Each structure stands twice: as structure tokens, then as C-alpha cells.
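From first to last, the protein sequence lines are chains A and B.
For reference, each letter of the first sequence is one residue, going 1 to 158 in our numbering.
For reference, each letter of the second sequence is one residue, going 1001 to 1172 in our numbering.
What the hints contain is simulated information worked out from the structure, not anything from laboratory work.
Since the model is a prediction, treat every value here as computed from it, not as a measurement.
Quick reminder that beta carbons are idealized off the backbone N, C-alpha and C, glycines included.
Check each hint, because a few of them may be wrong.
What the hints assert, rightly or not - For lysine to any residue, the following SDA-like pairs were computed, each having C-alpha atoms within a straight-line distance of at most 20 Å:
1. LYS11(A) <-> ALA36(A)
2. LYS146(A) <-> ALA1089(B)
3. LYS146(A) <-> ILE126(A)
4. LYS11(A) <-> ALA1072(B)
5. LYS146(A) <-> LEU1060(B)
6. LYS1157(B) <-> ALA1072(B)
7. LYS146(A) <-> PRO1114(B)
8. LYS11(A) <-> ARG1128(B)
9. LYS146(A) <-> CYS1112(B)
Stated by the list, open to error - Covered stretches of chain A (chain B as the covering partner; in silico rule of three or more C-beta atoms under 8 Å from a C-beta of chain B):
10. 56-63
11. 107-113
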Amino acid sequence: MNVAHRPKPAKLDAADRRIVNRLQQGLPLVPSPYAAVAAELSLSEGELLYRLERLLEAGVLSRFGPMYHAERLGGGLTLAALEVPEADFERVTETVNAFPEVAHNYRREHRLNMWFVLATETPQRIAEVIEAIEAATGLVVFNMPKQEEFHVRLHLPV
Amino acid sequence: MSLPSPHADSHGEVDPQRLRALLEGGLPLTERPWQALAEQCGMSEAEVLAWVERWQREGLIKRMGLVVRHHALGIRANAMVVWDLPDTAVAEVGRRLAAEPAVTLCYRRRRCPPEWPYNLFCMIHGTRRERVLAALDDIVERQALQDMPRRVLFSLKAYKQCGGRYIHEDQP
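Work out the full structure: start from the sequences and follow the hints.
Next up, the structure:
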């Protein structure tokens, strides 16, 4: 998806911010989780649900769901980069993004100017996809798999 | 991937895979969201909670959470800050950087020398570049990392952003 065209940023009020920051830490596993979080935030459950619905509709939040460990699900995951000649950038972008295993793809300021995440069904598949991308683009893929994750408390404080 | 069979509660065909599939679609925004899922997959609310708790305990699910779409909030300066740290120091520095409020993700990754000597990656998001750089300056000073080689790679453009089941945020 090309997100270069920029819609106006959504506005959050103080209660929205508290909700988003609190919920990034996860939802308690109790029968009425929204009521529990609402109580923590001194809101009514109805107001919390209403605000969450609005934030989802505004596109500020994506679905409320499980955050998986790809590796423990048996999948493969890595970060990879390419040094793409300027004149070829569009063509290479199309070629790389055509692979369904490419999740994010960012242009960044560096000699290695294209950075993408590969997510595959199995760990072995990573090497195959990298080979296929090298064959399709004629470029060397720099593969930088994760070796250790350092846990942050809030993923994106708002 | 297969999970061990359901816990001892045997009214027959309880299918955790169905629950997994339902969870992917997201938790309903209703007062009893687990109950709503339970009705759709033929379990009791308690069974649903027990499965999710187990998956969390086993580490399959990190947490039940949400994903903030930072672009929708106008948070557009997205900096990948990379460091070349001695292998003996990287874990300790990684933990310290992860504890910095401005750091939203922090990973140790494989170096690709000679082109890419960096082994620690972290993300700093902000509404403007200057703020992101100011936050980084503070961190460097506070953590006494002035002598460690680093690079800041701002993103210029996002060409693809699909949050699949494995991917839920920018991976630094």
C-alpha cells in the first residue's frame, strides 16, 4: 500500500490517549475485560467501548487481537535490506512487493535504501524467498534476522 | 503447528483451531467478548479463557492487544537507529535502550560486515524529525553511548504495510 498521500492525522483527546496507552499493554483475561480496564481508567464500560469503536473506525487502531510470536507459531521472520540503484527504485519496489512474504517495505536514508520484513510459513522458507528476490532483482539481499528482543513496555506511547 | 489436545474437560469435539481462527479476526467489542467467541466455536466462556491463558503462558501469544497505526496519528518521523556495539555489551545496552520511553522497539540483529557492522536496532517515532533527533541525543547522553558508532535511518516512504498475523508493528 502506498501511504504517501497523507490524510489528516486523527485527533485524540486525553481519555483516548489513556485508553490507547493502557491497551497496548494487553487486555486482562477475565470475563468482562473492558469493564476491568474501564474501571482502571475511571471510565464507564460503555464509554470505553464507544471510544474504542471510534478509534478503530478512524483507523488509529487495528483490530484488537492476539500478538503472536511468529517463531513459536513455526513461522520465519526477518528484516532484510537492498542497495537499490536510484534509477531502478520503482521497478525494484514493484518486484519486491509482489512477493506475498514481504510485509513492510520502507525506503530509508542510507546506501542500503530499501528495508523490508519477510514473514514466511516456515523458517526454511526465508532462505528460499531471499534467493528468489535476489534472482528477480539482480541485487544482493542483506539478511538481518533477530537474535534477541529487548522488551519495551509501551510500543507507541501517544 | 499442533497444540496438545484440550485440557481435561471432555464434552468431545472442542476445536482450539477454530478459536484461533476467530481470535485472528479480533476480539469483539462487547461486554462479554469471550462469551461471544465461545458461542461461535462451541466452547464455554471458561474454556475459551483457559485456552487463551494457556497460549499466553506457552508464549504462542504475547498478549491480547491492539496495534496503533502511527501514520493515522500523524506520527510520521520513523527513525531506525542502529548501533555497532561490542558483542559483550549489546545485551546490556539493549535492555537499557528498551527501557527508554522514546524507544518503541529494540532488537539485536545479525551484522552483515563489511557493509553493515551494526548489531543493535531500535525504533524511535515522532511527529517531527527534530524531536526524534532531540530524543536520541538525550538517550545517548543519559546512557553514555557517545563513543558507540551509530546511524539514524529515517524512513522516506512506506511502500507496503500489511499487518499480517505475524507482523504487528514496524520491525527495526
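Status of the hints after comparison with the structure:
The hinted pair formed by LYS11(A) and ALA36(A) fails the criterion: a straight-line CA distance of about 25 Å is larger than 20 Å. Among the hinted pairs, LYS146(A) with ALA1089(B) is consistent with the structure: their alpha-carbon atoms are about 17 Å apart, no more than 20 Å. Pair hint LYS146(A) plus ILE126(A) holds up; C-alpha atoms about 13 Å apart against a cutoff of 20 Å. A C-alpha spacing of about 9 Å is found between LYS11(A) and ALA1072(B), which places the hinted pair at or below 20 Å, so the restraint holds.
In summary, the hint linking LYS146(A) to LEU1060(B) is supported, as the alpha carbons are separated by about 17 Å, within the 20 Å threshold. With a CA separation close to 15 Å, the supplied pair LYS1157(B) and ALA1072(B) stays within the 20 Å bound. Note on LYS146(A) and PRO1114(B): the hinted pairing holds, with a Cα-Cα distance of about 19 Å set against a maximum of 20 Å. Restraint check for LYS11(A) and ARG1128(B): the C-alpha separation of about 16 Å stays at or below 20 Å, so the hint holds.
As the CA atoms of LYS146(A) and CYS1112(B) are separated by approximately 13 Å, the hinted pair is consistent with the 20 Å bound. Check result for the region 56-63 of chain A against chain B: holds, 7 residues qualifying (beta carbon to beta carbon below 8 Å, three or more required). Beta-carbon proximity to chain B at under 8 Å applies to 6 residues in the region 107-113 of chain A; the threshold of 3 is reached and the given coverage holds.
When the structure is compared with the earlier hints, a violation turns up for hint 1 alone.
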